[in-house]
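**Q** Letter by letter, the chains look like this.
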Amino acid sequence: MGDRMNFIGNLGPLIDGKTGEVHEGGALKSRIRRRAAELAVEGILGGDRVALAYGNSPELLIDLLALWERHACAIPLDPGLPASEVERVLQHAEARMLLSPGRTQRLRDSSRREAGEALILYTSGTTALPKGIVHTFEGLASKFRALTENIEAASWKTVLCLLPMHFGHGLICNCLWPWLASRGLVLFPSNDLEVFSRLGEAVDRYRADFFSTVPSIWRWVLHTGAAAPRMKTLKRVHCASAPLDEPLWEQANAWTAGAPVVNVYGTTETAGWIAGTAPGERPEDGSVGGGWGCEFQVREAREGVGEVWARTDALMKGYLGRPEMTAAVLRAGWYRTGDLGRLDDRGRLHLRGRLDDVINKAGLKIYPDDVEEVLKQCAGVADVCVFGEPHPLFGEEVAAAVVLKGDALSRVQSWCDGKLAGFKIPRKWYPLKEIPRNERGKVSRRRVLELCRG
Amino acid sequence: MESMEDRLKKIVRSVFNLGPSGSLDGLVYKDHPRWDSLGHIQLILSLEKEFRVKFSSEDVVSVRTLEDIASLLRKKGGQAS
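Here the protein sequences line up with chains A and B, keeping their order. Mapping to this note's numbering: the first sequence position 450 is 450, numbers consecutive. Mapping to this note's numbering: the second sequence position 57 is 57, numbers consecutive.
Errors might be hidden in some of the hints.
[To be verified] Here are the computed lysine to any residue pairs in the SDA-like style, where the Cα-Cα straight-line distance is at most 20 angstroms: (1) A:Lys428 <-> B:Glu58; (2) A:Lys433 <-> A:Glu372; (3) A:Lys419 <-> A:Glu373; (4) B:Lys54 <-> A:Lys419; (5) B:Lys54 <-> A:Lys428; (6) B:Lys75 <-> B:Glu58; (7) B:Lys49 <-> A:Leu404; (8) B:Lys76 <-> A:Leu404; (9) B:Lys10 <-> A:Tyr430; (10) B:Lys30 <-> A:Tyr54; (11) B:Lys9 <-> A:Arg411; (12) A:Lys419 <-> B:Asp31; (13) B:Lys10 <-> A:Trp429; (14) B:Lys76 <-> B:His32; (15) B:Lys9 <-> A:Ser414; (16) A:Lys428 <-> B:Pro20; (17) A:Lys376 <-> A:Asp344; (18) A:Lys18 <-> B:Tyr29; (19) A:Lys428 <-> B:Ile11; (20) B:Lys54 <-> A:Thr224; (21) B:Lys49 <-> A:Leu393; (22) B:Lys9 <-> A:Ser410; (23) A:Lys18 <-> B:Glu58; (24) B:Lys76 <-> A:Lys18; (25) B:Lys30 <-> A:Asp192; (26) A:Lys365 <-> B:Asp36; (27) A:Lys419 <-> B:Phe16; (28) A:Lys428 <-> B:Lys49; (29) A:Lys428 <-> B:Met4; (30) B:Lys10 <-> B:Lys49; (31) A:Lys428 <-> B:Gly19; (32) B:Lys49 <-> A:Gly225; (33) A:Lys18 <-> B:Ser37; (34) A:Lys365 <-> B:Leu66; (35) A:Lys419 <-> B:Ser37; (36) A:Lys433 <-> A:Leu404; (37) A:Lys29 <-> A:Ile8; (38) A:Lys428 <-> B:Lys10; (39) B:Lys30 <-> A:Arg198.
Quick caveat, the hints were computed from the structure, so don't treat them as lab data.
Using the sequences and the accompanying hints, generate a full structural model.
**A** Shown next, in the form of structure tokens:
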């Protein structure tokens, strides 16, 4: 599906899902080359890092590939991030430029340049030490090859994207992989409820063969009774980024009427999808199938369940500027995922939860430490513990137990606006007299959750 | 007995953490930092529970203001009004 030197050789058309406007692959190739020439005039060199703050739009993909034509590195950002977080990420990445709709912002005349870096995906920029996951051209080319070898997509013509394009799942797997291999790509605004409510119509309108999802999209589509497609164009649907339980999987399969819903496993560190169930496989909680260009080991297992380690050529180079954090998860070519699971006798993976406290809200990952660090800066907060609370649609919701220092809770809540991205702001608040700690002063988020929920 | 409008305001304040006296003036879906798509989902779920109504996929995308919601709840009748 393309190597480092020729990602744009076989582009499919891009279609605006809302308006139906079509950008043909040939014209896109010309636009990308023109844009690459403009970036050259701006002084962008191989290895330079450039941030892209677009929503889901053709411009994001055009600028990203124009940067790749220059062998420069793209940093796609969530356009909904607060300014303070964007600033922190730009500083951390030493980005030379920030490109956004109709705007080119030069940030520095020169920057650290690392040959071979293609993409940096920030999973957190809230704290003083943002977490930027670096992928190389070679790694991404390897990812595209692995997906082509493992997913039966030869007959696909058109793919829909409903997911945010600044994340690995949406960008690398749902968009770039099929689009760079000549499939038409229909772009919708990310997480748009209007799109979800008319998903069946969208599938029919564009005669879509494929789209990927997160479980909360299915919960919403099914909860609101959104009509299923009437035509039988769909060939396959993926679901990833959060656990898909058996009843939801069954219902999603019924909605797609014959197109198998495949439960897929991947992380941003592995450039997205690394395993998936076989089409038509019987739904089962935690089952994510066999590896796609990836080997798995389960280490330190008790009764067969232990931490999942993954080895793939598409593995990240590391966390930008965080060698200790990188060394903690990359060992001799293996990546420790932090997920718990077991391998069955056919080498297929079954996930059983997480080792850490990362909150998974509708497929978006939130680090409690990041939210706590921001809240601790609020004068009205004496102590805080942030944790994930079960939610019927999102899987988990961000909750905060707070010890107030005189301030009203509503003032603490207002204080978060503009300092945290909307999805990271706690929606459930529990004022406490104190946050329980163990004898070593450590907080158990699980214990706080139990205490708050009575 | 509390009016439907007051119950609606109470839920909106609770879902968006606006505090008991927080202003609801000019609150419009997608124009307020807390009323994003995830906030909208939470609001719809809370309204369904409080008023014992069910919103269709079309209802969900037709409401953008508190007035729109109040009008929809009146149409739904029953415990909503």
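**Q** None of the hints should be skipped; say for each whether it holds.
**A** Here is how each hint holds up against the structure:
{"no.": "1", "hint": "A:Lys428 <-> B:Glu58", "result": "violated, 28 angstroms"}
{"no.": "2", "hint": "A:Lys433 <-> A:Glu372", "result": "holds, 17 angstroms"}
{"no.": "3", "hint": "A:Lys419 <-> A:Glu373", "result": "holds, 11 angstroms"}
{"no.": "4", "hint": "B:Lys54 <-> A:Lys419", "result": "violated, 35 angstroms"}
{"no.": "5", "hint": "B:Lys54 <-> A:Lys428", "result": "violated, 23 angstroms"}
{"no.": "6", "hint": "B:Lys75 <-> B:Glu58", "result": "holds, 14 angstroms"}
{"no.": "7", "hint": "B:Lys49 <-> A:Leu404", "result": "violated, 30 angstroms"}
{"no.": "8", "hint": "B:Lys76 <-> A:Leu404", "result": "violated, 41 angstroms"}
{"no.": "9", "hint": "B:Lys10 <-> A:Tyr430", "result": "holds, 18 angstroms"}
{"no.": "10", "hint": "B:Lys30 <-> A:Tyr54", "result": "holds, 17 angstroms"}
{"no.": "11", "hint": "B:Lys9 <-> A:Arg411", "result": "holds, 19 angstroms"}
{"no.": "12", "hint": "A:Lys419 <-> B:Asp31", "result": "holds, 17 angstroms"}
{"no.": "13", "hint": "B:Lys10 <-> A:Trp429", "result": "holds, 16 angstroms"}
{"no.": "14", "hint": "B:Lys76 <-> B:His32", "result": "violated, 26 angstroms"}
{"no.": "15", "hint": "B:Lys9 <-> A:Ser414", "result": "holds, 18 angstroms"}
{"no.": "16", "hint": "A:Lys428 <-> B:Pro20", "result": "holds, 15 angstroms"}
{"no.": "17", "hint": "A:Lys376 <-> A:Asp344", "result": "violated, 44 angstroms"}
{"no.": "18", "hint": "A:Lys18 <-> B:Tyr29", "result": "holds, 19 angstroms"}
{"no.": "19", "hint": "A:Lys428 <-> B:Ile11", "result": "holds, 13 angstroms"}
{"no.": "20", "hint": "B:Lys54 <-> A:Thr224", "result": "holds, 8 angstroms"}
{"no.": "21", "hint": "B:Lys49 <-> A:Leu393", "result": "holds, 14 angstroms"}
{"no.": "22", "hint": "B:Lys9 <-> A:Ser410", "result": "holds, 16 angstroms"}
{"no.": "23", "hint": "A:Lys18 <-> B:Glu58", "result": "holds, 16 angstroms"}
{"no.": "24", "hint": "B:Lys76 <-> A:Lys18", "result": "violated, 30 angstroms"}
{"no.": "25", "hint": "B:Lys30 <-> A:Asp192", "result": "holds, 11 angstroms"}
{"no.": "26", "hint": "A:Lys365 <-> B:Asp36", "result": "holds, 17 angstroms"}
{"no.": "27", "hint": "A:Lys419 <-> B:Phe16", "result": "holds, 16 angstroms"}
{"no.": "28", "hint": "A:Lys428 <-> B:Lys49", "result": "holds, 17 angstroms"}
{"no.": "29", "hint": "A:Lys428 <-> B:Met4", "result": "violated, 24 angstroms"}
{"no.": "30", "hint": "B:Lys10 <-> B:Lys49", "result": "holds, 13 angstroms"}
{"no.": "31", "hint": "A:Lys428 <-> B:Gly19", "result": "holds, 13 angstroms"}
{"no.": "32", "hint": "B:Lys49 <-> A:Gly225", "result": "holds, 17 angstroms"}
{"no.": "33", "hint": "A:Lys18 <-> B:Ser37", "result": "holds, 17 angstroms"}
{"no.": "34", "hint": "A:Lys365 <-> B:Leu66", "result": "violated, 30 angstroms"}
{"no.": "35", "hint": "A:Lys419 <-> B:Ser37", "result": "holds, 19 angstroms"}
{"no.": "36", "hint": "A:Lys433 <-> A:Leu404", "result": "holds, 8 angstroms"}
{"no.": "37", "hint": "A:Lys29 <-> A:Ile8", "result": "holds, 6 angstroms"}
{"no.": "38", "hint": "A:Lys428 <-> B:Lys10", "result": "holds, 15 angstroms"}
{"no.": "39", "hint": "B:Lys30 <-> A:Arg198", "result": "holds, 19 angstroms"}
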